[in-house]
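Heads up: the sequence lines are chains W and S, in that order. Here the first sequence stands for residues 1 to 215, numbered as in the numbering used here. Here the second sequence stands for residues 216 to 430, numbered as in the numbering used here.
Everything labelled a hint here was simulated from the structure, so no lab data went into it. Just to be clear, a hint being listed does not mean it is correct.
What the hints assert, rightly or not - Reference listing, derived: stretches of chain W covered by chain S, where coverage requires no fewer than 3 residues with Cβ under 8 Å from a Cβ of chain S:
(1) 29-36
(2) 89-100
(3) 110-120
Stated by the list, open to error - Straight-line distance between alpha carbons at most 27 Å, and here's what the computed DSS-like set of lysine-lysine pairs gives:
(4) S:K269 - W:K120
(5) S:K362 - W:K41
(6) W:K137 - S:K256
(7) W:K54 - S:K335
(8) S:K335 - W:K41
Here the structure is a predicted model, which means the values were calculated and not measured. Ideal Cβ placement from N, Cα and C applies to all residues, glycine included.
There are 2 protein chains.
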Amino acid sequence: MKLEFSKIYPITDTSLSTLSLPEQVAEMAAGGAVLIQLREKHASARQFFDSARKALHVAQANGVRLIINDRSDIAMALNADGVHLGQHDLSPVHARRLLGEQAIIGYSTHSLSQAMEAVKLPIDYLAFGPIFPTSTKEDPDPVVGLKVLADVKEIAGTLPLIAIGGIDETNLAAVLAAGADSAAMIRTILADRDGIEQKMRSLLSIAAGHQVGNV
Amino acid sequence: MKLEFSKIYPITDTSLSTLSLPEQVAEMAAGGAVLIQLREKHASARQFFDSARKALHVAQANGVRLIINDRSDIAMALNADGVHLGQHDLSPVHARRLLGEQAIIGYSTHSLSQAMEAVKLPIDYLAFGPIFPTSTKEDPDPVVGLKVLADVKEIAGTLPLIAIGGIDETNLAAVLAAGADSAAMIRTILADRDGIEQKMRSLLSIAAGHQVGNV
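Input sequences plus hints: build the corresponding full structure.
Set out below in structure tokens:
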């Protein structure tokens, strides 16, 4: 499956917003998101399941696809659209066997060598980062920068490449110009005082500007 | 499925032993265990998967069944014998849908009301505790004691009842006498200086003594 991405890939986080997961998804969808990753690092599995179920209802009502971070069992139990896996999660090979061919499986990589391994795996998109310094992850991998992002684009070929880590309106155009098909963001979207929906619109507008070449 | 239990239900823990999960399983099996729960609270999902895979090989070579703590996705990916779920994990209803009828699903409860809810769920055994004070869990539920254990036995009926929490050779017979079909132990088995295998044998011998009434 060739996955179509919007230029902005928003990720939820309840530690960066007072809104619940379903509320975050509703705002992201209203702002134009088409694919959202549901991430909740501090809740129990049951709490995550319960809020993910509500978030999935919101997503489906808005025609948005929802990806569950880490937990293939929760994704399966909810019949969510897929999972996003990190280097320390269940491997994409095993997740694919569990979730089937129709599921979207994304995979985080943090170096050229990880990206080269990743393209052999049964994944639908490759995430790469952190492109810039980020405070969202507690123990981030080393910053990779735009030059290596461009190298990873070569490796990824037609596999969608999602850049992540420290991306905001000031560097979004450069990230897309370097070869990213989409830019994943957490803090930039959730922590904006004008609200998530407005921020999504603003970012999509900047990204569209890049597309028509006027950056 | 009516599940047959040995009187002792050992649970692994790498923070209480220098042995790896496969090594712990090997020793437990050598000491007479027939069903083992694999618990690893501090490893990543991928690390847990990797050591659980090795542990499952050891278990199968010894005719022992292996239950995975918490993660239904890991249990499915390994084709393990089942999962053990807590109150904060994915619910037994959803785990059953994922794992199928043949899987063993165990469920932890910590009060009479939780036990009354649990017997309505699609589970194969009911765990109840902590019976006595325990230092194995970081944030244990209140101690329930032997009297409430006996009340839960009434609630459980023919569903196997596993007592857990602070059980050792000094109180094992009392726990079984109160109605537990089996006693789950972590620290008592793993932290014994004579080794896991010897401790398993010793505990099974005490439990057998209870069975023939000479305690």
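Hints versus structure:
no., hint, result
1, 29-36, "violated (count 0)"
2, 89-100, "holds (count 7)"
3, 110-120, "violated (count 0)"
4, S:K269 - W:K120, "24 Å, holds"
5, S:K362 - W:K41, "38 Å, violated"
6, W:K137 - S:K256, "21 Å, holds"
7, W:K54 - S:K335, "24 Å, holds"
8, S:K335 - W:K41, "30 Å, violated"
In summary, the numbered hints that this structure violates are 1, 3, 5, 8.
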